[in-house]
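Protein chains: 2
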Amino acid sequence: MKLATLKDGSRDGQLLVVSRDLKTACIADAIAPTLQRALDDWNFIHPQLDDLYHRLNAGRAANSFDFEAKNCMAPLPRAFQWADGSSYVNHVELVRKARNAEMPESFWHDPLMYQGGSDDFIGPQDDIVMQSEEWGIDFESEIAVITGDVPMGVKVQHAGDHLRLLMLVNDVSLRNLIPAELSKGFGFFQSKPASSFSPVAVTPDELGDAWKDGKVHLPLRSSVNNMLVGQPNAGVDMVFSFAQLLTHLCKTRNARAGTIIGSGTVSNKDASKGYSCIAEKRALEMIAVGEPVTPYMKFGDSIKIEMLDKNGKSIFGAIEQSVVEHHS
Amino acid sequence: MKLATLKDGSRDGQLLVVSRDLKTACIADAIAPTLQRALDDWNFIHPQLDDLYHRLNAGRAANSFDFEAKNCMAPLPRAFQWADGSSYVNHVELVRKARNAEMPESFWHDPLMYQGGSDDFIGPQDDIVMQSEEWGIDFESEIAVITGDVPMGVKVQHAGDHLRLLMLVNDVSLRNLIPAELSKGFGFFQSKPASSFSPVAVTPDELGDAWKDGKVHLPLRSSVNNMLVGQPNAGVDMVFSFAQLLTHLCKTRNARAGTIIGSGTVSNKDASKGYSCIAEKRALEMIAVGEPVTPYMKFGDSIKIEMLDKNGKSIFGAIEQSVVEHHS
Chain A
4 MKLATLKDGS RDGQLLVVSR DLKTACIADA IAPTLQRALD DWNFIHPQLD
54 DLYHRLNAGR AANSFDFEAK NCMAPLPRAF QWADGSSYVN HVELVRKARN
104 AEMPESFWHD PLMYQGGSDD FIGPQDDIVM QSEEWGIDFE SEIAVITGDV
154 PMGVKVQHAG DHLRLLMLVN DVSLRNLIPA ELSKGFGFFQ SKPASSFSPV
204 AVTPDELGDA WKDGKVHLPL RSSVNNMLVG QPNAGVDMVF SFAQLLTHLC
254 KTRNARAGTI IGSGTVSNKD ASKGYSCIAE KRALEMIAVG EPVTPYMKFG
304 DSIKIEMLDK NGKSIFGAIE QSVVEHHS
Chain B
4 MKLATLKDGS RDGQLLVVSR DLKTACIADA IAPTLQRALD DWNFIHPQLD
54 DLYHRLNAGR AANSFDFEAK NCMAPLPRAF QWADGSSYVN HVELVRKARN
104 AEMPESFWHD PLMYQGGSDD FIGPQDDIVM QSEEWGIDFE SEIAVITGDV
154 PMGVKVQHAG DHLRLLMLVN DVSLRNLIPA ELSKGFGFFQ SKPASSFSPV
204 AVTPDELGDA WKDGKVHLPL RSSVNNMLVG QPNAGVDMVF SFAQLLTHLC
254 KTRNARAGTI IGSGTVSNKD ASKGYSCIAE KRALEMIAVG EPVTPYMKFG
304 DSIKIEMLDK NGKSIFGAIE QSVVEHHS
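Order-wise, the sequence lines are chains A and B. Residue numbers for the first sequence follow the numbering used here, so the first one is 4 and each next one is one higher. Residue numbers for the second sequence follow the numbering used here, so the first one is 4 and each next one is one higher.
Worth flagging that the hints you see were computed from the coordinates, not collected in a lab. Please note that the accuracy of each hint is not assured.
If several chains are the same, the list does not tell them apart, and a pair holds so long as it fits within one copy or across any two.
Derived DMTMM-like pairs: lysine to aspartate or glutamate, alpha-carbon spacing no greater than 20 Å straight-line [as the list claims (entries may be wrong)]:
{"hint": "1", "residue 1": "Lys26", "residue 2": "Glu71"}
{"hint": "2", "residue 1": "Lys218", "residue 2": "Asp208"}
{"hint": "3", "residue 1": "Lys187", "residue 2": "Glu108"}
From a predicted model like this one, the values you see are computed outputs, not experimental measurements.
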């Protein structure tokens, strides 16, 4: 099943069911007005949405219309939790190596995770509005899951049962604000502005064989200014599965329906697969030639993030954003 | 105006208007079903709630009933943002001094703030349920504000206009998980389980003269096992006002209605005022006698947090919680 949220001027938008081929959609408000409401009562609402999805795919849904990603908000325009992991430890190791910092061995078995802001996500085609290029504007292409209610202390073998939906995410990062912020010891804050998400969230079964062991086994494609810069396989070198990330999150607390967990920047050890954030490219340059060459994003630059199935069809629709100067 | 949220089995509870003396309440669902909904459309809804509040105080509200804190959820049982500052820099300096760590001078003019989990707040009299005493269970008594919509880049002179409501908060902390977690560089995560809030959220005008310059100028009282351990004045030694904290939050992003910002553990330089978290008491012991003496909380221990007005009346009602062992 594929779901999206239509911009209608309200804070939470309107829940849409979207056809598998992303060509048509219909408003699901007779079933649930918003995605959060559907997640709040998933066992009851999910089968009804699934019925509508099947009718839509068969061309038998009433009042369907052409689906357009540009009319979408993030599937959850605001969420009660956004926790971003860092499962591709290769990425962490590279970035540290570039600044001559040791990576603790524990990073290979104890997940990194930070709490992000979730009150104001931006849509898949909304601009990335920033006051200054000097902040070092970067994209980070990631996979994310949305969970149901998960009890504190959940075991890893049960955690997978709570994963409801998958999305892509652009975890925008302000690289030049990070060092000073992390040195304060409280983690990221100003260096992590609003994230954007793919137009469509999909149930794991939509991925078929590509969803296995709590990982998505397909390349994640990132293009900067219409040039493909990365296509690492999200199933390769993902050290912690989404079930493991969820277990980490729930060690000392419950997670409630609508919790979003990010995979961290997708990264393969095979550098020929390219990169999912400019910081990694710069780290490779630093290691190779002693200085970073690729600049961070400037006003007017664009980023496209997409995942295709084995037949070359887009699964989630594309995140396509431009960086734009903020005028207060 | 005083507002609360009644436990009714739903995720967001029911919005209550509570009388100034905290003795009676009435359900506000004819005006707004939940506090989040009221915040989403505050300019329209606030005057209607205020009318009901005045009728309730005058004994003229229909269907009013006895107000009981134990029937309350947190005013926002789940929120889209919880960002906790650390405005009482004295507290930070003490804790660092106890472990022989220098505090950067910048902490006096650049606020510390971390992003907390906000999907599963607990009510004012709900138990603090934890799997292990070994985690070093501590309370942190703080003040918090709830904001309206705030634009990115808001100036400090305008930030105060966006503060809607005030609450007390117990920012429960797991002290023995903090060192390893912070050493990973991504900030707090497992060391910050679910926070609890006072039964009642109040508009700033309820504080009269005690609300000045974006600070609450009254003692915050903390009692452990029914013994008063702290009553520092929240208006003293608060280095960053709530307006300054909000400006810090909005440097690179908007904050949306229902954002909660915490003051950090209230602490006065005058140590005779006692403490608002056990870690501070232990830091003072470390400095004085070379080792901490006061233990963290054990199963069965209780914490009460309250603020009284000049006439000795409770403003927000009390947070009163027991620490209880988790059985999965």
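Q. How do Lys26 and Glu71 come out at 20 Å by Cα distance, when the copy is not named: within, between, both, or neither?
A. Classified as within: same-chain Cα gap 8 Å, cross-chain 53 Å, threshold 20 Å.
Q. For Lys187 vs Glu108, is the C-alpha pair at or below 20 Å within one copy, between two copies, both, or neither?
A. Between copies only: 11 Å across chains, 23 Å inside a chain, cut-off 20 Å.
**Q.** Within, between, both or neither: Lys218, Asp208 at alpha-carbon 20 Å
**A.** Classified as within: same-chain Cα gap 12 Å, cross-chain 52 Å, threshold 20 Å.
In summary, the structure agrees with every hint in the numbered list given earlier.
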